[in-house]
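All chains, full assembly: derive it from the sequences and hints.
Taken in sequence, the protein lines are chains D, Z, X and S.
The opening position of the first sequence corresponds to residue 1 in the working numbering, with each subsequent residue numbered one higher.
The opening position of the second sequence corresponds to residue 1 in the working numbering, with each subsequent residue numbered one higher.
The opening position of the third sequence corresponds to residue 1 in the working numbering, with each subsequent residue numbered one higher.
The opening position of the fourth sequence corresponds to residue 1 in the working numbering, with each subsequent residue numbered one higher.
Careful, some of the hints might be misleading.
[As the list claims (entries may be wrong)] Derived DEER-like restraints, expressed as beta-carbon distance ranges:
hint : chain 1 : residue 1 : chain 2 : residue 2 : range
1    : S       : 50        : D       : 321       : 58 to 68 angstroms
2    : Z       : 185       : S       : 328       : 41 to 51 angstroms
3    : S       : 244       : D       : 22        : 56 to 66 angstroms
4    : Z       : 178       : X       : 45        : 44 to 54 angstroms
5    : D       : 186       : S       : 351       : 44 to 54 angstroms
6    : Z       : 284       : S       : 96        : 47 to 57 angstroms
7    : D       : 321       : S       : 358       : 36 to 46 angstroms
8    : X       : 45        : Z       : 192       : 45 to 55 angstroms
9    : Z       : 284       : D       : 203       : 19 to 29 angstroms
[To be verified] Once the Cα atoms are required to be at most 25 angstroms apart in a straight line, the calculated SDA-like pairs of lysine to any residue come out as:
hint : chain 1 : residue 1 : chain 2 : residue 2
10   : D       : 23        : X       : 354
11   : X       : 25        : X       : 125
12   : S       : 354       : Z       : 281
13   : X       : 329       : D       : 108
14   : X       : 354       : Z       : 218
15   : S       : 322       : D       : 305
16   : X       : 235       : X       : 150
17   : S       : 122       : Z       : 22
18   : D       : 51        : X       : 149
Just so you know, the hints here were simulated from the structure itself, not pulled from any lab data.
Glycine is no exception: its CB is placed at the ideal position from the N, C-alpha and C atoms.
The primary structure of each chain is shown beneath.
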Amino acid sequence: MSELTMVESVCFALDEELGRNSKLVILGEDVGPNGGVFRATQGLLEKHGPKRVLDTPLSENGIIGFAIGMSLMGLTPVAEIQFVDFIYPAFDQLISEAAKFRYRSGGMFTTPMVIRSPYGGGVRGAHYHSQSPEAYFTHTPGLKVVIPSTPYETKGLLTSAMREDDPVIFLEPKRLYRAFKEEVPKGDYTIPLGEARKVRVGGDVTLLAYGAMVHVALEAANIASTNHQIECEVIDLRTLVPLDIKTIEKSVKKTGRMISITEAPKTSGFSAELSALVAERWIEYMEGPIMRVTGYDTPFPLSLEQEYLPTAQRTLETIMKVYNF
Amino acid sequence: MSELTMVESVCFALDEELGRNSKLVILGEDVGPNGGVFRATQGLLEKHGPKRVLDTPLSENGIIGFAIGMSLMGLTPVAEIQFVDFIYPAFDQLISEAAKFRYRSGGMFTTPMVIRSPYGGGVRGAHYHSQSPEAYFTHTPGLKVVIPSTPYETKGLLTSAMREDDPVIFLEPKRLYRAFKEEVPKGDYTIPLGEARKVRVGGDVTLLAYGAMVHVALEAANIASTNHQIECEVIDLRTLVPLDIKTIEKSVKKTGRMISITEAPKTSGFSAELSALVAERWIEYMEGPIMRVTGYDTPFPLSLEQEYLPTAQRTLETIMKVYNF
Amino acid sequence: MSMIKILDSTGKADPELEPNISKEKLVKMLEYMILVRLLDEKGMRLQRQGRISFSIPSTGQEATQIGAVAALSPEDWIFPAYREPGMAFYRGLPLEDLVNHWFINEKDPQKGRRLPGLFGSKQFRYVNPSAPIGTQIIQAAGAGYAHKYLSENLVDIVFFGDGATSSSDFHSGLNFGAVFKTPTIFFCQNNQWAISVPLSRQTGATSLVDKAQGYGLPGVQVDGNDILAVYNVVKEAVKRAKAGDGPTFIEAVTYRAGPHTSSDDPTRYRPKEELEKWKKLDPISRFEKYLRAKGYITQEGIEEIRSSFDNKLNNLISEAEKLKPPSLKTLFSDVYSELPWHLEEQFNELNALKGRNA
Amino acid sequence: MSMIKILDSTGKADPELEPNISKEKLVKMLEYMILVRLLDEKGMRLQRQGRISFSIPSTGQEATQIGAVAALSPEDWIFPAYREPGMAFYRGLPLEDLVNHWFINEKDPQKGRRLPGLFGSKQFRYVNPSAPIGTQIIQAAGAGYAHKYLSENLVDIVFFGDGATSSSDFHSGLNFGAVFKTPTIFFCQNNQWAISVPLSRQTGATSLVDKAQGYGLPGVQVDGNDILAVYNVVKEAVKRAKAGDGPTFIEAVTYRAGPHTSSDDPTRYRPKEELEKWKKLDPISRFEKYLRAKGYITQEGIEEIRSSFDNKLNNLISEAEKLKPPSLKTLFSDVYSELPWHLEEQFNELNALKGRNA
Ligand SMILES: Cc1ncc(C[n+]2csc(CCOP(=O)(O)OP(=O)(O)O)c2C)c(N)n1
Ligand SMILES: Cc1ncc(C[n+]2csc(CCOP(=O)(O)OP(=O)(O)O)c2C)c(N)n1
Ligand SMILES: [Mg+2]
Ligand SMILES: [Mg+2]
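Right under this line is the structure:
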C-alpha cells in the first residue's frame with residue numbers, strides 16, 4: 001500500500017490496466033519518453049513498449065479520430081489531450097463521431113474509449129491552460145463524463161472508465177494533481193460510474209460539486225459549521241453523465257436548500273443543469289433560492305485567477321444567503 | 001413593401017448591407033453561383049461581385065479562421081456555415097480565437113463578424129442536418145448569440161448583428177425558412193440585440209422560446225386559452241447572449257410560472273440556464289415547478305423526428321401540469 | 001505524374017497493363033456497376049415521387065467503387081464516404097437491407113436514424129459513414145493501426161471526395177497514416193465538384209495527387225472511369241500495405257454525372273458541355289465494350305442483368321413500403337450501451353404522452 | 001530541394017548570394033539578436049526565482065525572427081507563434097511593455113491576462129498570439145485577403161513550428177492562401193522538436209518543405225541559423241506576394257537550443273550530442289564573425305550592446321515588480337465591446353465581496 005498523488009494514481013491505474021487488457025493503447029502528445037507534461041504516463045513506454053504508448057503528431061482531431069478507428073476495430077484506446085483547452089480542434093470527431101457512432105449505425109458499430117485530460121484553474125495557466133469545458137460534453141448525448149476528486153477516487157473511476165462500452169470523457173482537476181497524497185491500493189478496484197459520493201453529512205444545505213470544487217465545498221461547509229452552526233451536506237458527483245439523481249434527490253428533499261459549485265463560466269454551465277433539475281422536480285421542497293457559485297462569464301484570466309475561481313469565502317456567503325432566506 | 005419568406009429576408013438583409021458597408025464580405029461553401037444550398041445568398045455574387053461573395057474550400061475551420069483574419073484587418077466578414085451541424089471542425093477557431101481575441105489582447109485586437117447558419121429540426125434532415133447547438137455558444141464568453149423567429153425579425157436582427165463590434169453567432173431556424181411570408185420593409189431598420197419580444201400577453205404562465213419554438217409556444221398558448229382558459233405570456237428571447245433579463249423578470253414575477261421550450265437535447269441545454277436564472281432570482285414568486293420542454297437526450301433522429309421535437313401537445317401538457325400544481 | 005489508364009474509350013485494353021481477372025469475376029463486376037446505376041435511378045425516382053426523403057446518386061462513379069472492391073479481399077475493411085454503395089452489394093449485402101433503409105422502416109438495419117443512402121454493415125465490413133465530410137479518413141488510419149497491432153493481415157480503404165481533401169481529417173489522416181505506417185489506402189474520388197464548388201476553388205495544386213509527397217506517401221493518379229486501371233492501382237496499394245510499407249494515396253479522376261444529391265440542381269452552376277464531355281468517358285459503357293469484345297457478355301445479357309435487378313427491387317420496394325416505422329423505443333436505444341435513467345424517464349414520458357393522445 | 005545558405009560556420013558569406021544591407025542595419029540586426037538571447041536568460045532566471053510565472057525562450061532561433069523582420073517593411077503584419085519576440089522589439093516595442101507584461105501588473109498592455117511571453121502589439125503590427133498551436137496560420141491567410149481587398153500593398157508573415165504543420169489550421173491556412181492567392185508568407189520554424197516529439201513523429205515526409213507542392217505553392221528551405229539567408233528568402237517571398245503571385249512556404253531549418261518553456265526538462269527526451277552539434281551552428285556567433293570580419297563591430301562593441309540592454313532591463317524589472325496587479329474591473333472588461341448586464345452584475349458582486357472581506 002502506498003500514498004500517492006492524484007497524478008501518480010492516474011499513472012498507476014493506466015499501468016495496471018495496460019497489464020490486464022492487452023488491447024489497451026495509450027496515445028497523445030508527449031506521452032512517450034517525456035511521460036506526459038504532467039507525468040501521468042511516466043514510465044509506461046519503457047514498461048509496455050512503443051506499440052502501446054504512442055507519441056502522436058500535434059493534432060487533437062488526429063488523436064481522437066485515430067482512437068475512434070482503433071476502437072472500431074476492437075482496441076481500447078486511452079487518449080490524452082495535453083490540456084483540455086486543446087480539445088476544441090477535436091470537437092467534430094468527439095461530437096459528430098465518437099458520441100454518435102453507436103446510435104447512427106443502429107448499434108452495429110461502437111467506439112468505447114477514454115479521453116483523459118487535465119482541466120481547470122488554480123495553477124496560473126491563464127486562458128488556455130485552465131478551462132473547465134465539461135458542460136459542452138454533458139450537452140452531447142452519447143458521451144459519459146467523469147471527474148474525480150481524490151487520488152483514491154481517481155484510480156477507481158479511471159479503471160471503470162477504461163472498461164466502459166461507451167466513450168468516456170475523463171477530466172482530471174490539474175490543481176489537485178499534486179495537492180495531496182492518499183492511500184491508493186494496488187490491484188483491481190473500481191468505482192462504478194453514475195454513483196455520487198456523500199463527502200459530508202448535513203441537514204441544512206446541500207452542496208453539489210465535483211473535481212477541485214469538492215474541496216472548496218468542504219472547506220466552506222466546515223467554516224459554516226464551526227462559525228455558524230449550519231450543517232451542509234457535501235456531495236461529490238463524480239459522474240456528470242449519467243448523473244446520480246437519487247443521491248441528489250434524497251439530499252435536497254432533506255435539506256430544502258441547494259447550491260452547486262463549479263469553476264466554469266456561469267451561463268449554461270453544468271451548474272445550470274443541476275439547478276434546473278431541482279427546480280423542475282422538487283421545487284416544493286425548497287426553502288430558499290437554488291444558487292450557483294461559479295467562475296465568471298469571461299475567458300479564464302491570469303493575474304486575477306484567485307478572484308475568478310469559486311472560493312470557500314464565496315461559497316460561504318452563498319450558504320448564508322440561502323440559509324437565511 | 002413586399003412579403004418575404006425568412007430565407008428571402010436573410011438574403012435581403014445581406015444584399016442591403018453589402019450595399020451600405022463596402023467592407024462587408026460574404027464567405028462560405030456554395031454561397032457563390034449556387035446562391036447557398038438554401039438560397040440565402042442567391043444573386044449576391046452576380047450583384048456584388050466575386051471579391052465580396054466567396055466560395056471557399058470545404059473547411060469550416062478555414063472559413064472561420066479566414067474570417068477572423070479578415071476581421072482583424074478591418075473587414076466585416078459574414079460567414080455561412082452550410083448547416084450548423086458542420087460547425088464543429090471550426091470550434092477551436094470559434095472558442096479559442098474569435099471569442100477570446102479582444103480579451104486576451106487587452107482590447108487591442110477585435111474580431112467583429114457574423115457567423116450565420118441554418119439550425120434545428122423539422123425538415124427530415126436526420127442527425128447531421130438538424131442539430132440545435134446554441135447552448136455550446138452561450139457557454140462561451142465573448143460570443144453573442146442571436147436567433148430570429150420571423151422574416152421581419154430576421155432582417156432587423158441580422159442587420160444589427162452585422163453592425164456589432166463583437167462576433168455574433170446568428171442561427172436561422174431552417175424549418176421556418178419557407179414556412180410563411182411576412183411583410184419585410186425595404187431599407188435600413190434594425191432590432192437591437194439584447195431585447196426580447198413579447199409575442200403574447202398573459203397572466204398565468206410564462207413561456208420562453210426562440211426560433212421555431214416560438215411558434216410551438218404560441219400554438220400551445222392558444223389552445224390553453226381556448227380549451228382551458230389559461231393565459232400564457234409568450235416571450236421570444238431573440239438574443240440568448242446577452243439575454244433580456246428584465247423582460248423575463250417582469251413576466252415571471254407576474255405569472256409565477258415558467259416553462260421554456262427548446263429543441264436541443266435537454267441536459268445542459270439553454271433551457272437549463274433559463275430555469276437556473278429564475279430559480280436563483282425569483283423562486284419566491286414561483287407557484288409551480290420551473291419546467292423545460294425540450295428535445296430528448298439522444299442524437300437527432302429521422303423516422304421519429306416528430307416524436308423528438310417539442311410540440312404544442314407536449315407544451316400544453318406541461319402548461320397544465322405547472323398550472324395545476 | 002502521369003495518369004494510369006488501361007481501357008481506351010472504345011474499350012480496348014493496354015495489353016501490357018491488362019489485369020488477369022477471371023471471366024466470372026469480370027462479369028460480376030459489370031453486374032454490380034449496372035446495379036449501382038439502377039439504384040441511382042430508382043432512388044431518385046422514389047424521391048421525386050415523395051416516397052423516400054432523400055437520395056445520393058453515384059452515377060458516373062461506378063468504376064471506382066466496383067474496381068476497388070474487386071481488388072480487395074472480403075476481410076478488408078471499407079470506410080466509405082457515400083458514393084460507394086456498390087461495394088457493400090458486391091460483397092453480399094442484401095438489397096432488402098437497402099430498400100428498408102430507404103423507407104426508414106422497422107426493418108431498416110440503421111433503425112430509421114439515417115438519411116437514405118447513409119448506411120453501413122458490420123458483417124460486410126463496410127463502416128457506417130458519417131455526413132460531416134472527411135471524418136472517416138483519420139478513422140481509417142486508426143483502424144489500420146489496430147490491424148497492425150493485432151497482427152491481422154488486413155487493409156483499410158477509405159473513400160472521400162475532392163472537397164474532402166480540404167478537411168482537417170484528411171490532413172490528420174494522411175499524416176498519422178504515414179507516421180505510423182498503417183495499412184491504409186486513401187482513395188480520393190476526384191469527381192471535379194464539391195456540390196457547386198469546382199476543383200479550382202478547392203485547391204491551388206495542379207493535381208490532388210501532389211498532396212501525397214507532403215506526407216511522405218506514394219501517390220498514384222488513375223483514370224477513375226477505367227475499372228481495370230482502378231483495380232490495378234488498388235491491388236498494388238494492397239500489396240504495399242500488406243508488406244508493411246504503409247499507406248498509398250490514390251487520386252481517381254472521375255466525374256459526378258448526376259446532381260450532388262436529390263436536393264441539388266447542378267444546372268445552376270455547371271456548364272452543360274462539361275457533362276457532355278464526360279458522358280463520352282462513361283465507365284460502364286467502356287467496360288461493356290471491353291467485355292463484349294472479349295465475348296464475355298452480350299447486349300441481351302446486359303439487359304437481362306438489369307431487368308432481373310429491376311424486378312427484384314420492385315418487389316422489395318412494394319414490401320418495404322408496407323412496413324411500419326421503427327418502434328418508439330428506438331428513439332432512445334443505442335445512445336449508450338445501456339439505457340441510463342434519464343433516457344428511460346424520457347422514454348416513459350413520451351410513451352405516456354403518446355398513449356394519452358392515441 | 002536544396003537548402004539555401006549564405007554564411008558558412010566561420011561567418012564567411014557566399015559572395016553570389018550576399019545581400020546588400022547597410023552597415024547600420026546589419027548592426028541593428030545583431031543588436032536585436034543579442035537582445036533576444038538576453039531576454040531569454042532574464043526570463044528564465046526570473047522564473048526560476050519565482051518572480052514571474054513562466055518563460056518561453058527562443059535561444060538558437062534568433063536568426064529566423066530578426067532576419068525576417070529586417071526583410072519586411074514596418075507596415076507589414078506579423079502573426080507570431082511565440083518564439084519571435086525579437087520582431088516586436090526590432091520594430092520599436094518598448095521593453096517596458098514586455099517587462100510589465102512579465103509581471104502581469106497594472107501597466108501590462110495585455111492587462112495581466114496572458115502567460116508571460118504571449119503578447120502582441122497593434123501599433124507594431126505584431127498580432128496577439130494564441131496558445132493553441134497553429135490557429136494563426138489560417139488567420140494570416142484571411143488577413144492577407146483583407147489587404148488584397150483593400151488594395152493595401154501589404155504582406156502578412158506568419159510563424160509556426162514543425163509541430164504546427166500537423167495542425168488543422170496549417171492545412172486550411174496554406175489551402176485558403178493558395179486558392180485566394182493572398183499576400184501571405186508561411187514561415188515554418190522547424191526547430192526539430194515539438195516539446196518532446198521529434199520531427200520523425202510529426203511527419204512521414206522527408207522534408208517539411210515538401211508540403212508546399214500539395215497546395216500549389218512555391219516552397220523554400222533555408223538554413224534558419226543563417227540570418228542573411230533568412231533575410232534573402234523572406235525578401236523574395238515579399239516580392240512575390242506584392243507582385244500578386246500569392247503565398248510562399250518557407251521552411252527554416254533551425255534548432256531549439258533551450259527547453260520548450262520554463263516548465264520543460266529536455267534532458268528527459270533529448271540526446272545531449274544533438275545539442276552539442278547544433279551549438280556549433282549558433283546563429284549569433286556566425287553573424288558576429290561575419291560582422292567582425294567586415295569590420296562593422298568589435299568584441300567590445302558586442303559586450304557594450306549586451307550590457308546596455310542588461311542595465312536597461314534591470315531598471316525596468318525593479319520598477320515593474322513594484323506595481324500592483326490590474327484592477328478588478330479588468331477581470332470583466334474586453335469580453336465584449338461593452339459590459340453587458342450579467343458581467344456588470346458579476347463585477348458588482350465580486351466587488352462587494354472583496355469589500356466585505358477586505
Ligand atoms: C464538414 C462538412 N461541411 C459541409 C458539408 C456539406 N456538404 C455535403 S457534401 C459536400 C461536398 C463534398 O464534396 P466532395 O468531398 O468532393 O464529395 P462529392 O460529394 O463530390 O462526392 C458538402 C459541402 C458536410 N457534409 N460536412
Ligand atoms: C492545439 C494544441 N495542442 C497542444 C498544445 C501544447 N503544446 C504547446 S507547444 C507544443 C509544441 C509545439 O511544437 P512546434 O509547433 O514545433 O513549436 P515549437 O514549440 O517547437 O517552437 C505543444 C504540443 C497546444 N499549445 N495547442
Ligand atoms: Mg467531389
Ligand atoms: Mg518545434
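Right, here's what the structure says about each hint:
no. : hint                              : result
1   : S:50 x D:321: 58 to 68 angstroms  : violated (38 angstroms)
2   : Z:185 x S:328: 41 to 51 angstroms : holds (45 angstroms)
3   : S:244 x D:22: 56 to 66 angstroms  : holds (59 angstroms)
4   : Z:178 x X:45: 44 to 54 angstroms  : violated (24 angstroms)
5   : D:186 x S:351: 44 to 54 angstroms : holds (50 angstroms)
6   : Z:284 x S:96: 47 to 57 angstroms  : holds (54 angstroms)
7   : D:321 x S:358: 36 to 46 angstroms : violated (19 angstroms)
8   : X:45 x Z:192: 45 to 55 angstroms  : holds (50 angstroms)
9   : Z:284 x D:203: 19 to 29 angstroms : holds (22 angstroms)
10  : D:23 x X:354                      : violated (45 angstroms)
11  : X:25 x X:125                      : holds (20 angstroms)
12  : S:354 x Z:281                     : holds (22 angstroms)
13  : X:329 x D:108                     : holds (17 angstroms)
14  : X:354 x Z:218                     : holds (21 angstroms)
15  : S:322 x D:305                     : holds (20 angstroms)
16  : X:235 x X:150                     : holds (22 angstroms)
17  : S:122 x Z:22                      : holds (23 angstroms)
18  : D:51 x X:149                      : holds (7 angstroms)
The structure shown violates the earlier hints numbered 1, 4, 7, 10.
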